[in-house]
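Novice: So you can see what is in the structure, the chains are spelled out below.
There are 2 protein chains.
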Amino acid sequence: MRPPIAFSRLGYAYVLASCVLLLTGGCATVQTDPLSAWNDGKVKQEIVSFVAKVTTQCSPDYVPVPERIATFDNDGTLWAEQPMYFQLIFALDRVKALAPQHPEWKDKEPFASLLKGDVKGALAGGEKAIVEILLTTHTGMTNAEFEAIVREWVATTKHPRFGELYTSMVYQPMLELVAYLRANGFKTYIVSAGGIEFMRPWTERIYGVPPEQVVGSSIKTRFEMRDGRPELFRLPEINFIDDKAGKPVGINEFIGRRPIAAFGNSDGDLEMLQWTTMSGGVRLGLIVHHTDAEREYAYDRNTEFGKLDQALDAAAVNKWTVVSMKDDWKRIFAFQ
Amino acid sequence: MRPPIAFSRLGYAYVLASCVLLLTGGCATVQTDPLSAWNDGKVKQEIVSFVAKVTTQCSPDYVPVPERIATFDNDGTLWAEQPMYFQLIFALDRVKALAPQHPEWKDKEPFASLLKGDVKGALAGGEKAIVEILLTTHTGMTNAEFEAIVREWVATTKHPRFGELYTSMVYQPMLELVAYLRANGFKTYIVSAGGIEFMRPWTERIYGVPPEQVVGSSIKTRFEMRDGRPELFRLPEINFIDDKAGKPVGINEFIGRRPIAAFGNSDGDLEMLQWTTMSGGVRLGLIVHHTDAEREYAYDRNTEFGKLDQALDAAAVNKWTVVSMKDDWKRIFAFQ
Numbered sequence: 001m002r003p004p005i006a007f008s009r010l011g012y013a014y015v016l017a018s019c020v021l022l023l024t025g026g027c028a029t030v031q032t033d034p035l036s037a038w039n040d041g042k043v044k045q046e047i048v049s050f051v052a053k054v055t056t057q058c059s060p061d062y063v064p065v066p067e068r069i070a071t072f073d074n075d076g077t078l079w080a081e082q083p084m085y086f087q088l089i090f091a092l093d094r095v096k097a098l099a100p101q102h103p104e105w106k107d108k109e110p111f112a113s114l115l116k117g118d119v120k121g122a123l124a125g126g127e128k129a130i131v132e133i134l135l136t137t138h139t140g141m142t143n144a145e146f147e148a149i150v151r152e153w154v155a156t157t158k159h160p161r162f163g164e165l166y167t168s169m170v171y172q173p174m175l176e177l178v179a180y181l182r183a184n185g186f187k188t189y190i191v192s193a194g195g196i197e198f199m200r201p202w203t204e205r206i207y208g209v210p211p212e213q214v215v216g217s218s219i220k221t222r223f224e225m226r227d228g229r230p231e232l233f234r235l236p237e238i239n240f241i242d243d244k245a246g247k248p249v250g251i252n253e254f255i256g257r258r259p260i261a262a263f264g265n266s267d268g269d270l271e272m273l274q275w276t277t278m279s280g281g282v283r284l285g286l287i288v289h290h291t292d293a294e295r296e297y298a299y300d301r302n303t304e305f306g307k308l309d310q311a312l313d314a315a316a317v318n319k320w321t322v323v324s325m326k327d328d329w330k331r332i333f334a335f336q
Numbered sequence: 001m002r003p004p005i006a007f008s009r010l011g012y013a014y015v016l017a018s019c020v021l022l023l024t025g026g027c028a029t030v031q032t033d034p035l036s037a038w039n040d041g042k043v044k045q046e047i048v049s050f051v052a053k054v055t056t057q058c059s060p061d062y063v064p065v066p067e068r069i070a071t072f073d074n075d076g077t078l079w080a081e082q083p084m085y086f087q088l089i090f091a092l093d094r095v096k097a098l099a100p101q102h103p104e105w106k107d108k109e110p111f112a113s114l115l116k117g118d119v120k121g122a123l124a125g126g127e128k129a130i131v132e133i134l135l136t137t138h139t140g141m142t143n144a145e146f147e148a149i150v151r152e153w154v155a156t157t158k159h160p161r162f163g164e165l166y167t168s169m170v171y172q173p174m175l176e177l178v179a180y181l182r183a184n185g186f187k188t189y190i191v192s193a194g195g196i197e198f199m200r201p202w203t204e205r206i207y208g209v210p211p212e213q214v215v216g217s218s219i220k221t222r223f224e225m226r227d228g229r230p231e232l233f234r235l236p237e238i239n240f241i242d243d244k245a246g247k248p249v250g251i252n253e254f255i256g257r258r259p260i261a262a263f264g265n266s267d268g269d270l271e272m273l274q275w276t277t278m279s280g281g282v283r284l285g286l287i288v289h290h291t292d293a294e295r296e297y298a299y300d301r302n303t304e305f306g307k308l309d310q311a312l313d314a315a316a317v318n319k320w321t322v323v324s325m326k327d328d329w330k331r332i333f334a335f336q
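Sequence lines, in order, name chains S and D.
For reference, each letter of the first sequence is one residue, going 1 to 336 in the working numbering.
For reference, each letter of the second sequence is one residue, going 1 to 336 in the working numbering.
Hints are supplied without guarantee of correctness; some may be wrong.
All copies of an identical chain are treated as equivalent in the list; a pair is satisfied when it fits inside any one copy or across any two copies.
List time: in silico DSS-like cross-link candidates among lysine-lysine, alpha-carbon distance up to 25 Å [unchecked claim]:
#, residue 1, residue 2
1, 120, 319
2, 106, 116
3, 220, 244
4, 120, 307
5, 128, 108
6, 106, 44
7, 220, 319
8, 128, 319
9, 220, 106
10, 330, 128
11, 220, 128
Note that these hints are calculated values from the structure, not bench results.
For clarity, every value in this text was computed on a predicted model and none was experimentally measured.
Given the sequences, and given the hints that come with them, work out the whole structure.
Specialist: Next comes the structure, spelled out in structure tokens:
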């Protein structure tokens with residue numbers, strides 16, 4: 001039975017009112033400014049506008065909550081990555097700690113240089129040297145043992161320039177952004193070239209990102225019953241490199257959905273940004289550009305760690321949002 | 001300042017009252033019987049008692065919500081796996097569909113036997129033959145294309161004995177159990193030897209398990225920009241086998257937390273059950289024993305698909321809950 005006209009009109013008015021309420025709700029959120037560490041301007045406006053579009057039920061660009069997936073690179077996007085990736089600093093510290101058990105390292109590169117304090121010389125061996133350092137220091141124990149080592153290092157070791165714990169070297173505006181997206185129904189993932197087991201012990205506490213939402217590089221592990229207890233042993237063999245073209249692969253394998261927003265800062269994030277933004281629909285691709293030598297670091301096309309070259313060019317072509325840390329961020333670190 | 005005794009007593013009474021309320025709440029939940037397809041008895045009691053222990057805040061065995069991880073095998077645990085794994089039936093169907101494009105298959109095993117209708121002959125080649133059939137039928141296209149093929153097959157193909165869609169071959173008591181755990185704050189994961197991309201297109205609709213909570217076997221994929229669009233191509237190379245000792249490895253890689261409850265039905269689930277239950281704390285390990293030839297199938301130690309032998313012995317030693325489908329389940333399939 002067709003409802004009387006009066007009821008029908010009421011129904012229509014109700015739908016309209018709902019939309020108005022929703023829109024007002026959206027505005028109210030903005031007014032309390034969940035992004036208070038961001039300067040007002042084009043970049044902040046692009047973020048807020050994207051979130052409004054995909055979360056407003058009356059919007060043609062509305063995205064249901066389960067599909068609101070956002071992926072964040074870690075090094076250089078959520079926390080700093082200079083003077084070198086923090087995980088590499090951790091690995092160098094481990095070499096020093098393990099040296100007494102490895103007298104043979106005195107004559108073996110890259111360890112010999114490292115133990116003489118010549119980091120540059122040790123890393124001159126390039127990717128091969130770095131992989132050897134990582135595999136040597138990150139394997140040969142159970143996952144639980146490795147986690148304990150990471151926890152202790154993270155709780156005690158300080159950044160050489162800023163004198164703060166590495167977990168304090170996180171960008172306040174990005175913490176706000178992660179929380180803002182979550183408050184708007186997003187599931188926020190880390191998708192990093194960093195080691196998955198190096199990040200998981202602290203990402204929940206620092207970023208509010210639980211272990212099951214951390215995607216990263218990994219080494220192979222082997223299950224074994226030892227003295228009646230099940231253990232996972234870390235093997236000196238790479239399992240997966242979650243970098244560059246590996247990021248969409250990792251995202252697909254772990255999440256099985258395509259993100260609608262992706263955040264990075266280097267060429268390692270190029271393919272993740274392409275995967276996220278170039279298949280139709282309103283999408284947000286964002287690059288953090290390190291432009292603030294005073295409060296943090298300034299680098300892009302010519303740097304050993306966190307090179308931003310191709311992805312910066314691609315950002316212009318694809319209209320990705322580019323954040324200038326110097327101009328767009330009111331604060332960088334909480335301790336400043 | 002120490003509070004006056006009256007206030008202190010009031011506080012104590014309040015805590016007690018909270019506990020009573022919580023316990024009552026627990027009882028109320030049981031009274032509505034979210035497990036109505038389960039016969040009353042020891043097995044059902046063990047499940048309910050476990051959930052009460054880990055979810056009652058006053059219990060010494062209380063587990064906070066984020067750590068309530070439950071992992072479910074799929075084949076033979078959530079849906080049937082006879083007369084053979086459904087994904088293998090899918091692969092055989094794909095061989096037939098692709099045969100016109102592969103005239104060379106007429107003279108090449110295992111395809112030649114298959115195309116003559118001799119499934120037994122084709123599978124006589126063992127694991128090697130099965131892997132060849134799977135790789136041939138599951139790769140050589142984009143992930144999106146593969147997903148479309150799976151969706152169509154799942155929507156149209158019926159089980160040879162029961163004449164129902166494969167997605168109707170799911171166990172009602174297990175659907176109840178998955179929902180019951182979720183209602184009690186659990187995150188429910190599938191951890192299956194089946195292909196991750198074969199399951200993800202329908203697990204959310206059938207089990208309420210979203211793609212990001214499906215762990216499974218996978219082939220390698222390659223990211224590529226093609227005609228300006230990002231694609232993931234499926235390569236004829238195995239990436240990960242999520243079976244036996246691979247299950248704890250997969251759980252650790254994808255979830256990064258140890259489950260507190262695990263559900264399986266075959267020797268392929270043994271290590272997942274060990275990993276889940278044998279490291280202290282109140283844990284639930286459960287095995288579905290196929291004992292009902294009339295309503296489903298009866299098999300355990302001697303079967304080609306879903307062999308339950310070592311894990312059945314381990315269940316007795318480790319006090320895992322063993323479900324007899326015949327005795328413990330009031331209903332099996334919704335269509336019965």
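Novice: Hint by hint, note whether the structure agrees.
Specialist: Status of the hints after comparison with the structure:
| no. | hint | result |
| --- | --- | --- |
| 1 | 120 x 319 | neither (37 Å within a copy, 56 Å between copies) |
| 2 | 106 x 116 | within (9 Å within a copy, 66 Å between copies) |
| 3 | 220 x 244 | both (20 Å within a copy, 16 Å between copies) |
| 4 | 120 x 307 | within (18 Å within a copy, 56 Å between copies) |
| 5 | 128 x 108 | within (14 Å within a copy, 43 Å between copies) |
| 6 | 106 x 44 | neither (52 Å within a copy, 62 Å between copies) |
| 7 | 220 x 319 | neither (38 Å within a copy, 31 Å between copies) |
| 8 | 128 x 319 | neither (36 Å within a copy, 48 Å between copies) |
| 9 | 220 x 106 | neither (28 Å within a copy, 40 Å between copies) |
| 10 | 330 x 128 | neither (40 Å within a copy, 60 Å between copies) |
| 11 | 220 x 128 | both (18 Å within a copy, 24 Å between copies) |
The structure fails to meet hints 1, 6, 7, 8, 9 and 10 from the earlier list, while all remaining hints are met.
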